[in-house]
Each structure stands twice: as C-alpha cells, then as structure tokens.
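Visitor: With chain A fixed as given, assemble chain B onto it according to the hints.
Taken in sequence, the protein lines are chains A and B. The numbering of the first sequence is the working numbering, which starts it at 1 and goes up by one. The numbering of the second sequence is the working numbering, which starts it at 1 and goes up by one.
I should point out that these hints are in silico values taken from the structure, not numbers from a laboratory. Where is the CB? At the ideal position from N, CA and C, for every residue including glycine. Mixed in with the good hints, there may be bad ones.
Unchecked claim - Covered stretches of chain A (in silico footprint by chain B; criterion: 3 or more residues with CB under 8 Å from a CB of chain B, positions within the stretch not fixed):
| hint | stretch |
| --- | --- |
| 1 | 18–31 |
| 2 | 96–109 |
| 3 | 247–257 |
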Amino acid sequence: MEGRGPARRRRASRLHPVRLVLLTLFCLLLSGTAGAAAYFFPVVVAGVGQTGQTVVVPPSNSPGVKATPTPLAAPGAPFTVLLLGSDDDGKNKSPLTQSMILVRVDPVSKHVTMESIPRDLWVPLSTGGSGKIDGAYAYGGAAAAIATVQRNFHVHIDEYAWVGLTGLVKLIDLLGGIDVVVTNPVLDDAYPDDINGGFLYGYKTVAVLPGAQHLDGAHALQYVRSRHNDINGDFGRSARQQEVLLAMKVKASTLNVADLPDIVSALSGKFKTSMGLDRVRSLLSVANAFDPANVKQIVLYAGLYTSYANGPAYGGQSVIIPHWSQILPVTSANFP
Amino acid sequence: MIARRIAALLFLPMMFAFGSGVYLYLGTLKSKVVKTPAKKPTATKPEHVLPGTMFVVQDGRLFKLNNGSFTEIGPAGDWSQPTLTPDHTHLVAVLRGSLSSDLYLLDLNGQVVKRLTKNDSRYVQLNHWAFYPRVSPDGSTLYYSYDGPKHVDAAPGDDLSIWSMPLNGSQYQGRRRTDPYWYTGGDASPIPLSATAFLFVQHSIDSSTAVHSQIRLQSRLGDLVGKPLTNLADDCSEPALSPDGTQLAMICTGGKQTARLEVAPFNGTSLGPARILIDGGLLASPAWSPDGQALAYFAPSGGAGHFELWWLAVPPVVVATPTPTATATPAHSPSSGGASSIVVPTLPPTPVPVQVTQGVDLSATSPPAWY
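Excised from the complex, chain A in its bound form (with noise of 0.2 Å):
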C-alpha cells in the first residue's frame, strides 16, 4: 500500500493523451468563443439597446389595419417597415421626421417597395388633433408615427427603424461613400449648416452637380437634404432619398457579419428599430441579392396625389393636403 500511493498520485498528477484533447479542443473553443464575443459585443450591446425596440400602438380605427403589435409574420414572409430620419440636431427636442418611407420586403421573392411619406402631409395624428405627420413622432415617439401612418394609410406597419441625420453620414461613410446619377443640379442657398457645430439655425449654400459620380456622407446628405430649390419641393427630395436608399443598399451587399461591430458604433444613438435579428437578417439577404428591376418606388407627388395649401386652418403653415381617393388604392395595392 505504501509503495502504491505515490505511484497514483504520480498518475494522478499526468494526463491521459486523450484527455489532454479534449481539454486542448475545450480551451480553444472557450477562449475562441471569448474572442469572437469580445468583437461582436458593441453589437450585442446594441442588439439590446437599439434593436428590438417594444412599440406599443394603439388599435388602429380604420378598416382592414390590423393592431400592432403583431405576432412575428412566418419566416419569409413579406413584412412592412416604416424608415423614419430625423433632423436630429438638437433644434427640437423631440425631433420631426423629415423623412418617412414605407418599405415593404418581401425575402422570398427579393421585391422591395418604396412609398415616400411627403413630411408636411397635414393629417389627423394618433396624439389627437390634425398636423403635418412629420410631427407624429415628435408628439409620440415611434409608436405614434406608426399608429398615424397605420390609420391615415390603411396599411399594417410590422416594424420601424428610426435613423439620425449624423448617423446616415456615419454610415454612408463606412460604406465607403455611394454611387448615384443625379438627374440635375442641386441647388440651395438656404441649406441647414448644422451637422459640424456652429450656429444651430445657421445656413450655407451647397451644390451637387449632375451626373454620376461617387458622394460621400457629407455630400450625400446635401443630396437627399435639400429642398428649397427643387421644382418638386419635399416630393423631389423623397425621390432623392429613394435614390440614395438604394445606392446604400447596392453598397450594403458587399458587407458581411464581420462589419456589423463598426456599423453599430457608427450608428450609436443614431438608430432604433423594432426588428430584431431575424428581421435584419431577412434585409441583409435581400440586400445581397438586390436587383434593381425588383425595386418599385412610389412617390406622392402632387396634383394627382396631393395638393398644395396653406392658412388658418392649418396653423398659418404650409402644408400638403392628401387626396386619399388617390392614395389608398396606390398603397394598399402595394402594401396588401
């Protein structure tokens, strides 16, 4: 007995080869899941800051829309989103939306519809009252702008991402900048020179030229933000933004998963959106297969759409009245 005890606990003390590989491949996958964790942890930490947002909208009281929120449609399925951009400059404190687009994927069949919401539509608002529906949001957060949309449209909205206007040249930026062909010269003399400190309500000129050409952040900004100048006033920019929403996405799809940790710290505070992972790998993988010819875009332009006025009634602002005998058919065909 003697003799025995040192010989096992010299046993003891060794390793047998085989379990020496196991241990070996169990201290890899830890410390390599320990990594990989390490890198995407901005993106988990955004994941349960800025996705996955709870919206509570109040029932809707108009025929055919359903309440939200709704169950997660099956996988595959074609779901609504509502893109919000907001002036958030620190002018207000609750921020207008001055850009709203109903988007509509559909991952199976990799179609995307567009329909551009114009910001200064004078509508009834879930809040109570009647104003431009870019103040939905402003009045209520999310849940506001999506109940307003929901009612006055007819249509179901089963997520909504929210986008700040630093956090679009941000992300414009990481993507490298964006191609478009811009139709004709952009011109303001009343832009906002906001974005880089300053005067908050201080205004500069800006000029985008024609044609094709690659724009960064900055200058893609002035593209889909400027308004003073153009023949179709907020309808002309929604159509910019359409333009600029695509050539993103065509940037997009040369991403991949590794990116995701430099894209969340170029949207951090920029970006809110109810749709969880599921639902942005369902964008991703339309994103990666993006055609063009799959892309329909709407615009409510007015006069046959819309109409411009102004006065009393509505505040002493001008604003955009919707003829919605026009509207409804066009939205509900493209967002059954």
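Guide: Just chain B, lined up with the frame of chain A:
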C-alpha cells in the same frame, strides 16, 4: 504524459493567444471592398498609355496624365472641371470655396495666371456658383454656368444659366445666354461652337413631374431657349464634341440610375441617329481623344465605387446607302433629326472598353481635358 501543472501553465497563454487570434481574424474578414481608400494618382501606374496629355481631378487636386504617368499640378484647393484653351496653352478651371466657386485661368503647370470671376461674399445668399467653363473655338469667349440672377423673392434658391464673357475681359462684361427652367437647377455643360453658338444641357420638368435633361443648340444671340437636339425622355447630358465637330458623345439615362454612352453624328444644326457604345452601369464625363478616334470617360470599377478612367476606341462609321439590312439599329432618333444630309450608317462592332486607372477615384463630374 504531461504534468497537470505544466499543462495548466501552457494552456493559459495558449487560450489567450487563440482568443486574441480569433478576435483579430474576425477583423480581417471585414469587407475590404467598400473601404478601400483611393490611391493618389501619382502613386499609380496607368494600365494603358493614352496618347497626348490629359488633365483630370481627384478630390479637388489637378493631375496631368502624360506618357503613362501622373503629375500633380496647381496650388492646393478644391479644383474641378479643367478645360483647355483652343491653343492648348492654358487651362480654365473651377475653384470651389465653402459657399461659392470661381473660374481661374491657369498655365499648363497649374499656376494661376488670372482670376476670372469673383463670386464669394460675406453674406451667404450673395455667394454665387460658376461651373462648366469652356472657351470658344476662337479663344475669345468663355462660356460657363452661373447661378444668376437669383430668385430671392420666391423660395430661396437659384438656377444655373449659361453665361458668356470675354476671356480677356471681366465678369462684368458677362452676358446671360439662356433662361433656365426655374427650380430645376438650371442649365449646364455649355459646348461653344463659335463665338455665338453653343450646345448646352437644359433641365426641365414634364407633366408627370419627372425632371429631364436635354441637349439643346443655341445658335444666335438673344435666343435664350435654343432648340432641342435630343428627345426629352432620353435624358441625355454631358455632351462632348469631337475635335472635328462632326460627332457628339453623350450620356443618356432615360430617367434611370444607369446610363448609356452614345455617339451621334452632328452637322452643326442637328444630330443623326445615335449609336450606343456602352449600355448599363454608371458612366460619366466622356471626352474625345485628340485624334477623335477614341473616348475617355469615368465609370466605377469593383465594389468600392471608385470612378476610374476608361478608354474606348470609337471606330468610324461607314457611311453607306440606306438599306434595310443595316448591321445595327440606331439607339434612337434625335428629336429634331432628319436633316437630309445625314444618311443611315453601317455600324461597326463596338470595341471593348479598356480600364486605364485602378483605385484612384477620379472626380466624375470633371470631364477630362485632353489634347
């Protein structure tokens, strides 16, 4: 057999190294395409040697391309749209400031000879833009786009008109030559044909609220509208006239986010049937070679979206008797075409474009100046 303590000592650094390796490896998987920084042209070697000398722009800097190598010229600043004087002794280029832009006469080494316009002001709305300088064939007149007069009584904004001024004179002698369609951004890209006639691109809107670009001919003083040379729906712009003045290259988009590079015969008053040299993709700023046998233009290469310089031989059109068995169909008929002197050509096969630069991201809105 290895002692457990030794194994533990070995495992810790191994785990740290492997975990760090995974972290670093994931970093290497990032898309390299989109964030590829543009190289300075002088650090690159063009893959194709072009004849003559060409001036191009990258990120506000002027570059001379000669004998297969780039040389940076000119002072610092945000330069663009260089154009040659007819005697090829000087350049006129645009220098952008933060709120305005001005035209400068430069020598071929980029040294400023003379400031031609003064458009900056301490008051934001009194600043002006000047773009697209071009010198008339006799060297006497400078044509350009200028945002005057402003319509400050309506929504703040401005539109470009085509203006002309004596190259050796002053801006105060300038004369407005076109009346733009307001709130479309206005008129661009003048191509002087003589001291009084010129081509230009007008932007206008149709009944469906779509904005179009159209190449027009303005042939006499006092005519602020001119006559259309291309169909509105073709959305043609960025005209480039061949050195002998008989062919017009242009970019046509048809209202889409892709473009066609087209060439049409030009007899001084109208365009003949256009032929499509390239159909699809993003194409910009064609410029004719000094011998009129080829075109240079800009187009992106790869996923980075950098606009590179491309070269395309333009084989001459074989003029033949009109026949129903012509080898190719014209792209479209010009809106005012049908001049009796233009006959149906037999079209040669389109040559393959040759990429000249790689990874330099040249300014696509600054057509090459080539002689």
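Visitor: For a quick check of understanding: which of the numbered hints are violated here, in increasing order?
Guide: 2
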